[in-house]
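> Here are the chains, one letter per residue:
Number of protein chains: 2
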Amino acid sequence: MLFIIGLGLADERDITVKGLDAVRSSERVYLEAYTSVLMVDKQRLEEFYGKEVVVAHRETVESESDEILKDADKVNVSFLVVGDPYGATTHTDLVLRARERGIPVQTIHNASIMNAVGATGLQLYNFGQTVSIVFFTDNWRPDSFYERIAENAGLGLHTLCLLDIKVREQTIENLMRGRQVFEPPRYMSVSLAAQQLLEVEAGRKGGACAEDTLAVGVARVGSGDQLIRAGTLKQMADYDFGKPLHSLVLVGHRLHQLEAELLRENAIDLESMNAVLKRDYRLDH
Amino acid sequence: MLFIIGLGLADERDITVKGLDAVRSSERVYLEAYTSVLMVDKQRLEEFYGKEVVVAHRETVESESDEILKDADKVNVSFLVVGDPYGATTHTDLVLRARERGIPVQTIHNASIMNAVGATGLQLYNFGQTVSIVFFTDNWRPDSFYERIAENAGLGLHTLCLLDIKVREQTIENLMRGRQVFEPPRYMSVSLAAQQLLEVEAGRKGGACAEDTLAVGVARVGSGDQLIRAGTLKQMADYDFGKPLHSLVLVGHRLHQLEAELLRENAIDLESMNAVLKRDYRLDH
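These protein sequence lines are chains A and B, in that order. Mapping of the first sequence onto the UniProt record's numbering: position 73 corresponds to residue 73, and the numbering continues sequentially without gaps. Mapping of the second sequence onto the UniProt record's numbering: position 272 corresponds to residue 272, and the numbering continues sequentially without gaps.
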């Protein structure tokens with residue numbers, strides 16, 4: 001059996017009882033480590049499981065699926081994914097390859113940021129499509145997320161922005177010389193995401209993510225150290241949310257009174273928030 | 001401490017290790033039982049936890065929050081919610097009351113249908129807002145969900161439809177006589193939901209959920225007995241998905257090739273699905 005197991009959001013104890021039993025029954029355990037990360041390291045997981053954990057990098061999963069699936073028709077193999085297995089990436093490729101070989105697959109679900117973002121007080125019903133924001137570089141500033149945000153905003157819906165993480169980056173020099181030397185991991189902050197959004201808005205001028213658009217920044221959701229703060233996008237651009245992981249929500253105009261109340265509870269600056277709510281948001285329901 | 005703990009989707013072993021520790025440390029344990037249900041009964045939970053579990057009905061949570069929160073500043077109290085605590089309802093009222101009394105609150109997240117619906121093969125990124133469909137009665141047929149579905153369809157996005165459950169319903173006679181006698185619980189099936197959607201479409205004629213709109217029905221997600229089938233809405237209206245709980249997804253026109261492939265794998269009838277995909281869906285990306 002191939003188990004695809006969601007680990008949840010924060011630490012080794014966010015796995016489900018069902019998931020832990022599956023890990024402990026497995027001959028080999030892989031950890032997918034390129035779409036998200038837990039707030040604890042691999043050693044913590046290994047001690048908790050009593051098992052060796054092999055980190056599967058993107059190139060491993062894509063090119064070494066033979067290795068991962070080896071004998072999985074006879075023994076149990078666990079493939080661990082931070083959040084929910086279907087949270088942001090579907091790992092469809094691995095599942096399809098397993099099916100081709102007649103290997104049974106069982107998915108064990110868990111929380112992902114896509115439902116845990118309800119901790120902001122914003123109703124999950126009122127979210128439109130989710131977007132991803134990647135690190136801009138000097139010559140690569142992809143902003144196709146802007147249309148999606150504008151579509152959501154046009155309907156008055158909230159937008160969850162998932163923020164880029166870069167693990168195992170190589171400098172161009174190391175890449176060209178074929179050296180397996182990697183840069184330290186980078187995690188996009190709420191503040192940088194807000195700056196990038198404001199830059200795109202300055203070019204596009206559609207008003208979908210302007211300086212006074214209300215937003216909620218979240219950091220380390222599901223951990224004891226969780227932080228949730230609401231304010232304008234301009235305030236977000238200057239606010240330090242501390243250690244990763246961060247996500248950002250843009251607040252749609254179809255905001256309910258109860259949602260607004262919970263925004264106020266987390267306001268960076270209540271006065272400016274109330275002014276924007278009064279001027280720009282129709283709180284007539 | 002008040003713990004608000006997500007139980008996940010299927011059975012007693014879908015709780016997280018962190019959640020189980022919290023339950024076992026609690027003096028009192030309540031189970032919220034009006035927005036969703038697990039596929040196992042209360043006794044299974046009690047045996048697994050080694051604790052008595054008190055079922056909290058809607059009226060308990062709303063009127064007896066004093067009882068639930070009693071001494072929660074000194075002892076631990078667990079409030080269990082099927083799925084994720086923020087999956088569909090926020091339990092905001094209980095949290096706000098706890099805060100007023102200075103009771104610390106910790107949320108322990110879990111999977112909800114809102115991320116587990118990724119098991120259909122449809123990308124969570126491509127979902128618009130979620131809607132709820134309630135049981136129609138002879139004289140109450142609320143269809144405001146139609147506008148939401150039409151908004152999503154207009155953008156080519158998928159719509160997750162959460163289906164009504166009715167627990168502790170009373171007949172009008174029992175209600176008038178003040179008798180606490182309740183009807184057996186009812187859970188809306190994919191088939192009934194599809195019939196109601198087609199009825200609303202017949203009146204509104206916007207094309208948002210027509211007979212040939214593709215849909216995916218899911219039943220008992222996260223259990224060993226999970227069923228996922230894709231087809232037209234008309235086919236859904238005649239398909240028996242078996243025991244609860246069911247949910248329904250309407251497939252948007254911005255469908256990707258890979259999503260379409262996975263739909264085909266679950267097709268009720270591949271030929272008619274291919275015909276609809278070719279005629280109505282732009283699979284150019």
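To be clear, the hints were calculated from the coordinates, so they are not data collected in a lab. The model shown is predicted, which means the values in this text are computed figures rather than measured ones. Glycine included, every Cβ here is placed at the ideal spot set by N, Cα and C. Watch out, some of these pointers could steer you wrong.
Cβ-Cβ distance ranges computed for the label pairs, FRET-style [said to hold, decoys possible]:
#	chain 1	residue 1	chain 2	residue 2	range
1	A	ARG24	B	THR137	20 to 30 Å
2	B	ARG44	A	GLU265	30 to 40 Å
3	B	GLU67	A	ARG24	53 to 63 Å
4	B	GLU211	A	ASN139	42 to 52 Å
5	A	ARG24	B	GLU46	17 to 27 Å
6	B	ARG44	A	PRO142	48 to 58 Å
7	B	GLU27	A	GLU47	23 to 33 Å
8	A	ALA275	B	ILE268	13 to 23 Å
9	B	GLU52	A	GLN170	22 to 32 Å
10	A	GLY207	B	SER272	19 to 29 Å
11	B	GLU52	A	ARG24	38 to 48 Å
12	A	GLU265	B	GLU261	22 to 32 Å
To list a few chain B residues with every Cβ distance to chain A over 12 Å, as calculated [said to hold, decoys possible]:
#	residue
13	GLY19
14	GLU27
15	LEU175
> A separate judgement is required for each hint: does it hold in the structure or not?
Verification of the supplied hints:
no., hint, result
1, ARG24(A) with THR137(B): 20 to 30 Å, "49 Å, violated"
2, ARG44(B) with GLU265(A): 30 to 40 Å, "37 Å, holds"
3, GLU67(B) with ARG24(A): 53 to 63 Å, "39 Å, violated"
4, GLU211(B) with ASN139(A): 42 to 52 Å, "49 Å, holds"
5, ARG24(A) with GLU46(B): 17 to 27 Å, "25 Å, holds"
6, ARG44(B) with PRO142(A): 48 to 58 Å, "49 Å, holds"
7, GLU27(B) with GLU47(A): 23 to 33 Å, "30 Å, holds"
8, ALA275(A) with ILE268(B): 13 to 23 Å, "54 Å, violated"
9, GLU52(B) with GLN170(A): 22 to 32 Å, "57 Å, violated"
10, GLY207(A) with SER272(B): 19 to 29 Å, "43 Å, violated"
11, GLU52(B) with ARG24(A): 38 to 48 Å, "29 Å, violated"
12, GLU265(A) with GLU261(B): 22 to 32 Å, "45 Å, violated"
13, GLY19, "8 Å, violated"
14, GLU27, "21 Å, holds"
15, LEU175, "28 Å, holds"
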